[in-house]
Amino acid sequence: MQLHKIKKICSNSQKIIFVPCQTGIFIPSMLILLIVTTFLLLLYAGLMGRLQKAWESIPGWKPVPEGPFRPRIAVIIPARNEDANIAACLESLLAQDYPAGSREFIVVDDHSEDGTAGIAAEYDAKYTDIRLLKLADHLRGQEAGTAFKKKAIDLAIQQSNADIIVTTDADCLFPRGWLLNISSTYQDPDVICLVMPVAYRMDAVYPSFGRKFLHLFQSLDFMTLQGITGAWMQQKAPALCNGANFSYRKHAFLSVGGFSGVEQRASGDDVFLLQKIHRAFPGQCRYLKSGDVLVETRPVDRLPDFFRQRIRWAGKSGQIMGGKLLPVMLLVYFVNLSLLLSWIWALVDTKAIIGLHPVFWCLLLTSLKCLLEWPFMQSLAEFFHKKPLMRWFPLMQPFHILYTVLIGVLGATGRTEWKGRRVR
Numbered sequence: 018m019q020l021h022k023i024k025k026i027c028s029n030s031q032k033i034i035f036v037p038c039q040t041g042i043f044i045p046s047m048l049i050l051l052i053v054t055t056f057l058l059l060l061y062a063g064l065m066g067r068l069q070k071a072w073e074s075i076p077g078w079k080p081v082p083e084g085p086f087r088p089r090i091a092v093i094i095p096a097r098n099e100d101a102n103i104a105a106c107l108e109s110l111l112a113q114d115y116p117a118g119s120r121e122f123i124v125v126d127d128h129s130e131d132g133t134a135g136i137a138a139e140y141d142a143k144y145t146d147i148r149l150l151k152l153a154d155h156l157r158g159q160e161a162g163t164a165f166k167k168k169a170i171d172l173a174i175q176q177s178n179a180d181i182i183v184t185t186d187a188d189c190l191f192p193r194g195w196l197l198n199i200s201s202t203y204q205d206p207d208v209i210c211l212v213m214p215v216a217y218r219m220d221a222v223y224p225s226f227g228r229k230f231l232h233l234f235q236s237l238d239f240m241t242l243q244g245i246t247g248a249w250m251q252q253k254a255p256a257l258c259n260g261a262n263f264s265y266r267k268h269a270f271l272s273v274g275g276f277s278g279v280e281q282r283a284s285g286d287d288v289f290l291l292q293k294i295h296r297a298f299p300g301q302c303r304y305l306k307s308g309d310v311l312v313e314t315r316p317v318d319r320l321p322d323f324f325r326q327r328i329r330w331a332g333k334s335g336q337i338m339g340g341k342l343l344p345v346m347l348l349v350y351f352v353n354l355s356l357l358l359s360w361i362w363a364l365v366d367t368k369a370i371i372g373l374h375p376v377f378w379c380l381l382l383t384s385l386k387c388l389l390e391w392p393f394m395q396s397l398a399e400f401f402h403k404k405p406l407m408r409w410f411p412l413m414q415p416f417h418i419l420y421t422v423l424i425g426v427l428g429a430t431g432r433t434e435w436k437g438r439r440v441r
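Residue numbers (this note's numbering): 18 to 441.
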């Protein structure tokens, strides 16, 4: 009898699939998917509320009175194929309001195939506080594996006599008081490590709308990551940081053995080191929430490069905090996956659900996701001076849902190419 009913229903509807229940009632699978998505969004609402509360509870930074002694600071800039950016980066560093005798800027050329080393060498010859090191001259036939950036940072630290280490990237620009504010924070002896904010800078003019759209998307996505970074730091779970604006005391780096244990991974010179320092010095890693230390970097210009970068980042996510944050990341992933599947199903199967077209329900749930994220994003936009970008945020939702699902799948392999190298 039940088999006869199933055949009859299937013959009358070629588009919709039914799932049998123990009661004998048949429920449309699309409806089940919408119910699951709604449940996941309820969990997601709790996550968004928690992130917003944590971010907004980070205390505003108050300068610590400077003592008579200014610690020596080394800014380390690993650089590979950055001839278009390295000069502007060094000029921005030279403009710092920090005594020349207490600072050094170390550029480590990582086998660049362009004019990066030549430009850095000119600055090295002209300014006493700029040094150029060539990684190729110091490996001496040793294999760096894929962790060239870690080797570059380790080399610079070993050759520096600074008390405070700051790492950044060759495409970054800095506020004039950047080092002064970092130095002031380290007047507190309990501060061992500083995680600081980074933002993408938008170009004044774009050659095409496609380039502008890609930069807008990256800027909003990166701002979200930065907010999560600060929120988790505030919750004593330092899971993320960005090597473009990261600092620690030299003795802390040496006491945890530097990059030992993670030296074979191409990325993670920031995240994995932060976790090692956090384990050795619990409660002494801080998030410096201040616009006076906000570093700006460039988004990538091409879609393939964007995906390669994000795959590289996603490849280390499973090892963050020993996997303790994996449930949170899975929730975010499955929220986006369920929405994507709902949209695909709604476009294929137009059968009404509770009297309404499936696309209506997908629009409703996608809008709900946007509304849940809006307060957190608005708070971030205010701090990062990105409020004009928020008008694009709702329009980015479909693209961000698809992007999150794709990166989750591709990042699971952990293998990609970056600056001409195969990395994992």
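What the hints contain is simulated information worked out from the structure, not anything from laboratory work.
Hints are supplied without guarantee of correctness; some may be wrong.
DSBU-like mimics (lysine-lysine), calculated; alpha carbons at most 35 Å apart, straight line [what the hints assert, rightly or not]:
no., residue 1, residue 2
1, LYS79, LYS306
2, LYS404, LYS253
3, LYS368, LYS306
4, LYS70, LYS143
5, LYS306, LYS151
6, LYS70, LYS368
7, LYS253, LYS267
8, LYS267, LYS70
9, LYS79, LYS267
10, LYS70, LYS229
11, LYS70, LYS404
12, LYS267, LYS368
13, LYS229, LYS267
14, LYS79, LYS253
15, LYS267, LYS143
16, LYS70, LYS253
17, LYS229, LYS404
18, LYS151, LYS79
19, LYS79, LYS368
Structure-based check of all given hints:
no.	hint	in the structure
1	LYS79 x LYS306	holds (10 Å)
2	LYS404 x LYS253	holds (28 Å)
3	LYS368 x LYS306	violated (50 Å)
4	LYS70 x LYS143	violated (48 Å)
5	LYS306 x LYS151	holds (34 Å)
6	LYS70 x LYS368	violated (41 Å)
7	LYS253 x LYS267	holds (22 Å)
8	LYS267 x LYS70	holds (33 Å)
9	LYS79 x LYS267	holds (24 Å)
10	LYS70 x LYS229	holds (32 Å)
11	LYS70 x LYS404	holds (19 Å)
12	LYS267 x LYS368	violated (64 Å)
13	LYS229 x LYS267	violated (40 Å)
14	LYS79 x LYS253	holds (20 Å)
15	LYS267 x LYS143	holds (27 Å)
16	LYS70 x LYS253	holds (14 Å)
17	LYS229 x LYS404	holds (16 Å)
18	LYS151 x LYS79	violated (39 Å)
19	LYS79 x LYS368	violated (59 Å)
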